[in-house]
Amino acid sequence: AQKITQTQPGMFVQEKEAVTLDCTYDTSDPSYGLFWYKQPSSGEMIFLIYQGSYDQQNATEGRYSLNFQKARKSANLVISASQLGDSAMYFCAGSYIPTFGRGTSLIVHP
Amino acid sequence: DTAVSQTPKYLVTQMGNDKSIKCEQNLGHDTMYWYKQDSKKFLKIMFSYNNKELIINETVPNRFSPKSPDKAHLNLHINSLELGDSAVYFCASSRKTLHEQFFGPGTRLTVL
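From first to last, the protein sequence lines are chains A and B. Okay, so the first sequence: first residue is 1 according to the working numbering, each after it adds one. Okay, so the second sequence: first residue is 1 according to the working numbering, each after it adds one.
If we strip away everything but chain B, and leave its shape as in the complex, we get (with noise of 0.2 Å):
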């Protein structure tokens, strides 16, 4: 059983364009995430949502919004893409903030 998903695993578009990487976790936790990783490993945080509430959302361009439908998915949406976009995001969740964080495997972007 997956517990945190992503889709797509990879995705290679063209600049200009919009683009949405779903993630959904059934652990059961309250607590959603959406990190970059960027070609040097660096793993910086976007967005958390706690039980679909924003509570961080760290400087981000706003051609990225996420969406939290329900306790259990986390979506990136984002707009008008950008070479520096292309990263690997990582979807993750934990049982509440604070906690261990489980990771998806990962969404890798490549802006053309």
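For reference, chain A alone in the conformation it holds in the complex (with noise of 0.2 Å):
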């Protein structure tokens, strides 16, 4: 089984300034895949990044980012250069029997 925590209910941030959000995980499977997501007010749920247990670098996607650090199991998602449709939940989630984190509101302020 595995598990997905994330310890930021909120987040504030300016606009054009980055942030980062926390992730930390707990699996004892050897092969995993953590994912973001994010879920605006309007309510879909959009993918943003994957992070393989096996990849040796971290992933990007544009403005997103993944600080995996594999010894504290974190999987944290940096955003650069913030916009204020950035503001949304964003949910961290583990590969085996999909496990959703509680997710972290993020608000751009201008």
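Hints were generated in silico from the structure; no laboratory data involved. Hints may be right or wrong, so weigh each one.
[As the list claims (entries may be wrong)] Restricting the straight-line Cα-Cα distance to at most 25 Å, the calculated cross-link-like pairs of lysine-lysine (DSS-like) are:
{"id": "1", "chain 1": "A", "residue 1": "Lys73", "chain 2": "B", "residue 2": "Lys41"}
{"id": "2", "chain 1": "B", "residue 1": "Lys67", "chain 2": "A", "residue 2": "Lys73"}
{"id": "3", "chain 1": "B", "residue 1": "Lys36", "chain 2": "A", "residue 2": "Lys3"}
{"id": "4", "chain 1": "B", "residue 1": "Lys71", "chain 2": "A", "residue 2": "Lys3"}
{"id": "5", "chain 1": "A", "residue 1": "Lys3", "chain 2": "B", "residue 2": "Lys96"}
{"id": "6", "chain 1": "B", "residue 1": "Lys9", "chain 2": "A", "residue 2": "Lys3"}
{"id": "7", "chain 1": "B", "residue 1": "Lys22", "chain 2": "A", "residue 2": "Lys3"}
Bear in mind that the values here come from a model prediction, so they are computed numbers and not experimental data.
Now that you have both chains on their own, put them together as the hints suggest.
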């Protein structure tokens, strides 16, 4: 079984600044994947980025990057140059029996 | 083109009724899922099918029954609806298990 923990219920960031959303995981599986999803106030769930446990490099997708630290069992999402449209709930998720964290509500201030 | 679609988008019904939510994906994916998102935004997996075969069946009351007539469809039938069933139900699909998921728009179920 995999457990996903997001300890920040809410985060605030100034527009154009970078922000890090925390995610830690606990799994006994030797091979696993970690995902981040965005849920704007409109309700849809949008896939952002994926990190595989055997990937040598940290994943990046445009302004999104993953700070993957296997020894610490953390997979933090970094959003660079925040935009107003980044205001949303962000969920970290594990791959086996898909398990989601409780989410972090990000608000970007102008 | 809608990748993962769900109908209906909203469902308001009385306690004790039976209702169904339909899901279709046109992505050619092998795996489909049902999730329940509660009022605190907690998203919990309910079921998953891979090529029409049930592979995940989490602790869900047996009033909930999924049906996958083919790889592109995964429907959710709920019997004897209860107040606690009120939530947003999301359908999702992925190319294979362990791959990123594409979500439908959600169905907001309200049980009165």
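Now the hints, each set against the structure:
no.	hint	result
1	Lys73/A x Lys41/B	holds (24 Å)
2	Lys67/B x Lys73/A	violated (36 Å)
3	Lys36/B x Lys3/A	holds (17 Å)
4	Lys71/B x Lys3/A	violated (29 Å)
5	Lys3/A x Lys96/B	holds (21 Å)
6	Lys9/B x Lys3/A	violated (30 Å)
7	Lys22/B x Lys3/A	violated (29 Å)
In summary, the numbered hints that this structure violates are 2, 4, 6 and 7.
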